[in-house]
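Chains as they are written, first to last, in the numbering used here: chain H, 1 to 180; chain D, 1 to 668.
FYI, nobody ran anything at the bench for these hints, they're computed from the structure. Treat the hints loosely; a few may be bogus.
As the list claims (entries may be wrong) - A few chain H residues facing chain D, derived, Cβ under 10 angstroms:
#1 Thr-11
#2 Cys-22
#3 Ser-100
Unchecked claim - Computed footprint of chain H on chain D; a stretch qualifies when at least three of its residues, placed anywhere within it, have a C-beta under 8 angstroms from a C-beta of chain H:
#4 66 to 80
#5 216 to 228
#6 418 to 432
Cβ atoms here follow ideal geometry from the backbone N, Cα and C, with glycine treated the same way.
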Amino acid sequence: MTVKGEKKKKTIKTIKIDVDKCNGCRACEMICSAFHAAPKYSSNNPARSRIRVIREPLKDVYVPVYAGEYTQAECAGRDKYTIDGKEYDECAFCRASCPSRSEFKEPDSGLPLKCDMCEGEEEPLCVKWCSVDALSYEEREEEVEEAVEQEQLETGLESLANKYGLQQIMDTVARMSQKD
Amino acid sequence: MRYAETGFNLEVDLTRGNIERIATDPRDTELYLGGLGTNAKILWDRVPPETEPFSPDNLLIFGTGLLCGTPATGCNRTIVSTISPQTRLMAYSMMGGFFAPELKYAGYDKVILRGKSPSLVYLWINNDKVELRDASHLQGKGAVETAELIRQELKEPKAQVAAIGLAGENRVYFASIEQGRSSASRGGIGAVMGDKGLKAIVVRGTKDVNIARPDEFMGLCKEVLEYIKFRNENPVPGVMPILAGLGSPQEMKVHDEKWHTENFMWGNSRTRRKDFWNEEVAAEWMKTMDSMRKRLISCYNCPMTCGATIQPPGFPTYMMKCFSKLTYTMAAYSDLEFGLGIAQSATEYGVDGFSTPQVMAFALELYENGILTDKDFPGMPSDNNGRFYWLLDRIVRREGIGNVLANGTYWAAQEIGNGAEAYAHNNIKKHEQLPLKLSMLNPIYFLMYCTGEKINITQIEGQFPQAPFPTREEREEFVKDWFQVPDEKFKQIFLDWELRGDKSLPFYPTVQMCCDIVDWQERMHYIDDALGMCAGLSSFPLKPPYHMHNYPKFISSGAGIDMNEEKLTQATKRYRTLVRAINISRGMRRKDEKPPEDHWKKRFPELEEKLLDDYYKLKGWNDQGIPTKESLHELGLDYVGKDFLERGILTDSEDAPFKEAATEKEKK
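The task is simple: from the sequences and hints, build the whole structure.
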């Protein structure tokens with residue numbers, strides 16, 4: 001059974017990253033940390049930035065990456081990508097604040113950082129400060145179906161019910177909700 | 001709370017392995033700002049003139065500029081100060097890159113090194129954790145290689161490393177300190193680092209740098225960024241392309257090298273090749289550059305892409321900036337492929353890109369003229385390119401003739417004798433200069449060459465056009481938006497300056513005007529060197545984004561020090577005078593203040609004397625270039641005056657005769 005959801009308009013904010021244009025200056029890191037300081041701009045510290053330039057100058061690797069979701073567990077194994085003859089660590093493109101690396105964590109508390117696209121500004125400040133245009137900002141409207149999530153949940157539950165039996169799922173849900 | 005600066009220096013005694021974090025006096029920041037200013041104060045206080053460059057008592061100071069680590073665009077200079085083994089005067093070479101901001105984020109304004117380590121070590125600064133670590137496994141390793149090895153060993157890919165190569169370890173008098181895409185090269189400071197047994201300083205910092213009045217400061221930063229954009233889109237018309245824009249001369253971008261290759265000298269600063277540049281050369285050099293240049297790169301927080309990653313075939317990758325592109329090529333009468341290749345070796349060895357090629361060309365000239373002979377060059381290849389590689393190797397290892405050449409052209413000529421002195425013809429104060437030989441004296445440049453304490457013309461010139469514009473209309477156009485002038489009179493001087501006639505070189509600008517122009521140009525460099533600003537966005541190019549009118553505001557809102565133009569001028573004068581005082585106490589006098597004799601063909605001895613007389617007067621120095629008691633008093637430098645009196649450098653009556661004889665005797 002599927003529920004047809006309502007179509008809704010959603011603004012998708014995109015930062016386009018052109019790694020070939022990056023000059024490695026890290027102005028993006030500096031201004032991000034300054035903007036998110038409290039009070040605003042009262043200090044700066046690239047180690048608090050929500051954007052990081054993954055740099056290996058002698059290998060000509062420059063990848064600006066934005067902080068995404070926090071993840072509890074690190075990936076099993078690490079892949080390597082070779083692009084245009086240059087070898088990149090998979091992590092060079094990953095946005096997660098994760099146990100395998102120090103990126104995207106507050107240096108003193110270790111709390112995860114996440115890019116908020118500089119809420120309230122006309123465009124993210126890293127984009128504004130990137131004078132070589134390695135970073136550019138784009139907004140576009142997309143139509144999304146609200147029901148999608150519901151549909152996914154039901155698909156997931158159905159497969160669990162097939163595996164464990166519906167009764168056991170219901171018991172588990174009851175037990176979990178009592179705990180809360 | 002301290003703003004812009006951290007308020008702490010790191011004091012490292014390499015002899016005993018002792019490391020201390022010392023709070024600094026905020027009053028010193030007001031008086032001497034930071035960077036070069038406070039470095040000079042420390043050197044004056046703690047390194048007396050009796051101290052030899054290679055004495056454990058000589059200090060090696062890595063000073064960040066006052067505004068390094070703040071959002072101010074392009075403010076990333078580390079000012080490295082010590083006593084130079086080559087000039088035996090104060091050296092204060094600087095490097096851009098990423099070191100200074102990282103040191104600030106680690107919580108320090110300076111690293112002050114004294115003593116000598118019993119074995120080769122490196123200093124690892126990780127925020128509050130600082131340690132000296134064994135570097136015996138890095139002995140003989142290249143400077144760039146060393147940085148990579150240390151990052152791997154510490155598992156700290158983000159650590160910034162300033163390292164010496166073999167040249168520094170072997171105390172070559174023109175050894176550099178290399179730091180990724182930048183280096184502090186002039187004056188042989190890498191040799192002092194090697195003498196101290198320090199292979200590298202490694203720093204990682206994750207702390208905050210604070211701003212006193214954030215809104216005001218950010219407003220200024222935005223203005224600067226916008227003006228940079230404007231200037232990039234609107235190059236200054238009427239001047240050659242390398243003078244039209246901002247940044248270091250854009251050597252990594254520019255393919256057209258007609259101007260440099262036909263106006264600068266080739267070989268040992270000897271030959272001008274007026275018809276060198278043609279389509280064939282242009283095509284070949286462009287092919288070389290395009291095939292080796294991987295990316296244009298910047299220093300910390302700067303949009304100007306003055307550097308590049310270079311990958312010469314058969315060599316490891318390295319990073320290059322600016323004019324080293326041509327120095328080896330032109331010294332060897334060779335091509336760009338050779339120049340970019342040998343510069344890779346030179347970067348790993350850690351040597352200065354100005355002095356080194358000249359020293360090698362000097363050696364070959366002595367060979368051609370029979371002053372050095374085959375027995376001085378056993379096993380040297382016969383081809384020209386091969387000879388340069390061979391010589392470079394001998395020099396950095398101090399083997400055979402290399403051991404003599406490693407002291408630079410001045411000292412090498414003294415040691416070789418037999419007329420060799422005449423071939424060390426391009427020095428000021430024992431230091432190799434840009435290979436330029438011109439026809440008619442330029443009085444402004446004369447003063448800058450004579451009195452520039454950094455002994456490098458690019459480190460004092462910049463704000464005033466190098467030559468008059470041909471037409472009045474062009475000049476009027478130029479002054480229209482020339483708001484950087486500290487005084488409107490400079491516009492009039494420029495407007496009236498003609499190519500020919502009464503108001504042309506060498507008697508116009510007048511002596512007084514020349515003094516004022518040089519004083520202004522010099523002041524801007526001194527401000528940059530204290531704040532840590534790249535000269536490429538300030539004192540070096542025409543119409544820069546940083547100038548006398550916005551600098552006080554940057555200091556006030558950034559560092560929280562109440563500043564205005566007058567106070568900033570006075571502070572700059574104070575530490576500029578202190579730099580001179582250090583050199584005066586080391587015996588520098590008027591007789592040392594002269595450009596290479598053959599720099600210009602047409603000289604004007606009387607005018608030159610008058611220029612120096614009047615400039616000294618303007619600066620508050622006596623006729624020997626010694627700051628007078630009165631001017632020292634006015635600057636709050638009575639402690640210098642007292643010392644000069646005690647040493648007999650000054651006497652109680654200001655008109656006292658020149659005391660050079662006495663100080664010379666004391667030295668012996």
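Would you list, in rising numerical order, the hints stated earlier that this structure does not obey? 1, 3, 6
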